[in-house]
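Chemist: The chain contents come next:
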Amino acid sequence: MSQTQKKKRWLRIGRAVFWLFTTFVVVVFSLELLTRAIARGVDPLPGYFAPNSDGTYQLAAGTKTRYWHSGRIVTVTVTDDGHRIVPGAPEAAAITLHIIGDSQVFGWGLNDEETVPARIQAFLGSNVRVVNHGLPGLGPLAYLKIVAQLPSEDPVIVFLTEMNDFQDAYDVIPSLTHHCGFIVLPEGPGKGLPCFLLRSHLVGSVMDLRSRFIPEKIPLPLGFNPYARISARVICRRIENNLIGYLNRRIGESVVSTIPWEALVDPDRLAAYAPSLAVVEPHTRLPGTVGLLKQLKSVATKKRTFLRNDHHLSAEGADVVARYIVDNWRGDLELSQIKVRTYEASNCVGVQ
Amino acid sequence: MGRYVLRTAFRCTLLVVIIASMVEIAARMVNSGYLPIIPYTIERGVPTLPANVSFEVQFDDDNPVRYVTDGNGFRISEQETGAKRSPKVFVAGDSQVLGYGFAFSATFAAIVADAMYGGADRAAILGSPGMDPEILQYAIAAHKQVALADTRLAIIALNLGNDLDEIFTGGSWYRGIDQPQVQGWLIRNSVAYMTYVQRSYAKALDRTLVPGVNRIFYVTSPEERVLLARETADVLLSAAKSIAAQRVIVLIVPQDVQVFPGDFGKYRKYFANADEFAGWEARIPDISSGLRVLEAYIASRMEDAGLNVVRVSRLLPANGNPAVYFSRTSHHLTPAAHRLIAKELLSRMHGEDPGE
Chain P
14 MSQTQKKKRW
24 LRIGRAVFWL
34 FTTFVVVVFS
44 LELLTRAIAR
54 GVDPLPGYFA
64 PNSDGTYQLA
74 AGTKTRYWHS
84 GRIVTVTVTD
94 DGHRIVPGAP
104 EAAAITLHII
114 GDSQVFGWGL
124 NDEETVPARI
134 QAFLGSNVRV
144 VNHGLPGLGP
154 LAYLKIVAQL
164 PSEDPVIVFL
174 TEMNDFQDAY
184 DVIPSLTHHC
194 GFIVLPEGPG
204 KGLPCFLLRS
214 HLVGSVMDLR
224 SRFIPEKIPL
234 PLGFNPYARI
244 SARVICRRIE
254 NNLIGYLNRR
264 IGESVVSTIP
274 WEALVDPDRL
284 AAYAPSLAVV
294 EPHTRLPGTV
304 GLLKQLKSVA
314 TKKRTFLRND
324 HHLSAEGADV
334 VARYIVDNWR
344 GDLELSQIKV
354 RTYEASNCVG
364 VQ
Chain Z
-14 MGRYVLRTAF
-4 RCTLLVVIIA
6 SMVEIAARMV
16 NSGYLPIIPY
26 TIERGVPTLP
36 ANVSFEVQFD
46 DDNPVRYVTD
56 GNGFRISEQE
66 TGAKRSPKVF
76 VAGDSQVLGY
86 GFAFSATFAA
96 IVADAMYGGA
106 DRAAILGSPG
116 MDPEILQYAI
126 AAHKQVALAD
136 TRLAIIALNL
146 GNDLDEIFTG
156 GSWYRGIDQP
166 QVQGWLIRNS
176 VAYMTYVQRS
186 YAKALDRTLV
196 PGVNRIFYVT
206 SPEERVLLAR
216 ETADVLLSAA
226 KSIAAQRVIV
236 LIVPQDVQVF
246 PGDFGKYRKY
256 FANADEFAGW
266 EARIPDISSG
276 LRVLEAYIAS
286 RMEDAGLNVV
296 RVSRLLPANG
306 NPAVYFSRTS
316 HHLTPAAHRL
326 IAKELLSRMH
336 GEDPGE
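Quick note, the sequences are listed as chains P and Z, same order. First residue of the first sequence: 14, per this note's numbering; consecutive thereafter. First residue of the second sequence: -14, per this note's numbering; consecutive thereafter.
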């Protein structure tokens, strides 16, 4: 091959690379604009978190975020003191009711007025001020840390989550971490992405499509995993000893209830979990699950109590939970009772 | 245009194949043709060695060791004996019973089988790194009808070095979930992938484990440890009772520092900080006595239920040289410790009709 031919060949390759790159940039940019237009400028992912100095995260105080969640726009408002807003909560009231938990209490995927604390506030009226202490990613030991900082005479309701609170009781530090205003898995792909990519509508859409068409199996809740019977029992005992043990020593009334695993209400969701189970039968149970489960099951034929393809409560589910709690709690508003009410005993195995 | 695209795709594929092959060849050369790890995969929730294979593993700078498995993935004798005889001695547990870094003939399973049935080929070991008693019960249940039908002596091992730790921490994320098929194939066939797994596992352990210290002593409370021990004992009991062997024995293998607290010094090289090492070293006597209490509790719970229990900690001379009985780089037992165990097992079987 002559020098001229070689030169021509390299020129051709260079031109091809240039056009390939330019086409790629134009296509990506166009798709980004298109997805933004379709999303009407609303964020693709929930970016309402702020980092703490110790590496953990909190809600970004004083923010209002609108984002797309499973095909609908959700509004999340965070108050200046860093709690999710409870619409209708009075500035001050004779009783302040603190509601503590993880994403279920926070109201993941729900609008401000649809969360469990918001619905409890609506049912209780203005005599009570409800505070939403829910933060996605927290676990029972972190709930204890929150309760310990509250006035001892104030009533509290702690919601455990059957789906992941066993796993989340391994450590007081959340299993998630902060990145660019979002919460991500510490070693997941999101942690390595630059912020502009995490905020990209195109990337958000690709991630949505991926989880829709190539869903990853979710680990079974520990209380149902036959390969993890022992650790479930130990963790259950840990929750009883620490969280419930502490609540028992408070002056104000403390209620513990557990949001049941979605597959108990909708067995079709079992297919999303691994290892696979033939029968949905718990071997270890967190306290206060049975009553709520009964309520959720009773309306499950008429209403979708959990979000689609998600273990979080739907607006209807949050309403059922709030109604159940208020119906069982209303009689004790005088704060005269010094006890922890779980509405039913746990199935942790005691040390003999 | 179509031809151009096809040609480009072919060239790209070829390039990927060439690079992957070069990486694989380089990994094999670096590992001198041996495997860097025991290539187990998770099948039906159970860590399992590949079936019907023979491979050589070299741990650290030790001599390479051959592992041969049967159709069930049990480790068996590497010696060809002509006619195939069914195993009479069945041992189940983790890497401690598998023989970590030494020949099958040096395992207590082989020694006992040889003494009782005239050949190491009469022993089979269901063992894999990553196994613990809670998972083991599923492995036993899967094999007891066929593979264990002819077993005379069954030994189930509890490794206090890390079984309780693995049972507890295993629940924190995935447990009982099979590996994706591609991953399973790579772990069985690619030395480059094995090296990657070995490195990333070591890195993960570096972040979460204190070398030489049993994790249950810094992630659980004393009451949680007792509950963990009790539940584990009960799982072992039900697994032992499910085996229809003439004799079932539970073997409790201690952690190295439980018997020889001074052996903690061998882990000094894994600590970057001298003060951190000194801090943990000061806690070793307490940890050692904590492990002894747990062992006594587990053993008495099983003995009360009528099981025959061998406590390896009682076989090891307290003033002995730990280097004789435990590996210099981990809590694994040496062939000398296996010989002691075999001697004890044989003395327990003395006078009993081994049966054929």
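No lab work stands behind these hints, which were simulated from the structure alone. Don't take each hint at face value.
Calculated lysine-lysine pairs in the DSSO-like style (CA-CA distance at most 30 Å, straight line) [to be verified]: (1) P:204 <-> Z:188; (2) Z:69 <-> P:230; (3) Z:188 <-> Z:129; (4) Z:69 <-> Z:226; (5) Z:188 <-> Z:69; (6) P:77 <-> P:316.
Listed below are several chain Z residues computed to face chain P (Cβ distance under 8 Å; list not exhaustive) [stated by the list, open to error]: (7) 102; (8) 161; (9) 208; (10) 212; (11) 213; (12) 216; (13) 300.
Beta carbons: idealized from backbone N, C-alpha and C, even for Gly.
Chemist: Each hint: holds or not?
Modeler: Status of the hints after comparison with the structure:
For the suggested pair residue 204 of chain P and residue 188 of chain Z, the alpha carbons sit about 18 Å apart, so the restraint of at most 30 Å is met. This hinted pair does not check out: residue 69 of chain Z and residue 230 of chain P have alpha carbons roughly 42 Å apart, beyond 30 Å. Among the hinted pairs, residue 188 of chain Z with residue 129 of chain Z is inconsistent with the structure: their alpha-carbon atoms are about 37 Å apart, more than 30 Å. For the suggested pair residue 69 of chain Z and residue 226 of chain Z, the alpha carbons sit about 28 Å apart, so the restraint of at most 30 Å is met.
For the suggested pair residue 188 of chain Z and residue 69 of chain Z, the alpha carbons sit about 43 Å apart, so the restraint of at most 30 Å is broken. Restraint check for residue 77 of chain P and residue 316 of chain P: the C-alpha separation of about 29 Å stays at or below 30 Å, so the hint holds. For residue 102 of chain Z, the shortest C-beta to C-beta distance to chain P is roughly 34 Å, which exceeds 8 Å, and the interface hint is violated. At a threshold of 8 Å, the smallest CB-CB gap from residue 161 of chain Z to chain P is about 3 Å, leaving the interface hint in force.
Interface hint at residue 208 of chain Z: satisfied, since its Cβ lies 6 Å from the closest Cβ of chain P, which is below the 8 Å cut-off. For residue 212 of chain Z, the shortest C-beta to C-beta distance to chain P is roughly 5 Å, which falls under 8 Å, so the interface hint holds. For residue 213 of chain Z, the shortest C-beta to C-beta distance to chain P is roughly 5 Å, which falls under 8 Å, so the interface hint holds. The closest approach between the C-beta of residue 216 of chain Z and any C-beta of chain P is roughly 4 Å, which is under the 8 Å cut-off, so the hint is satisfied.
This hint is violated: residue 300 of chain Z has a C-beta 27 Å from the nearest C-beta of chain P, more than the 8 Å allowed.
Going down the numbered hints, you'll see the structure goes against 2, 3, 5, 7 and 13, while the others check out.
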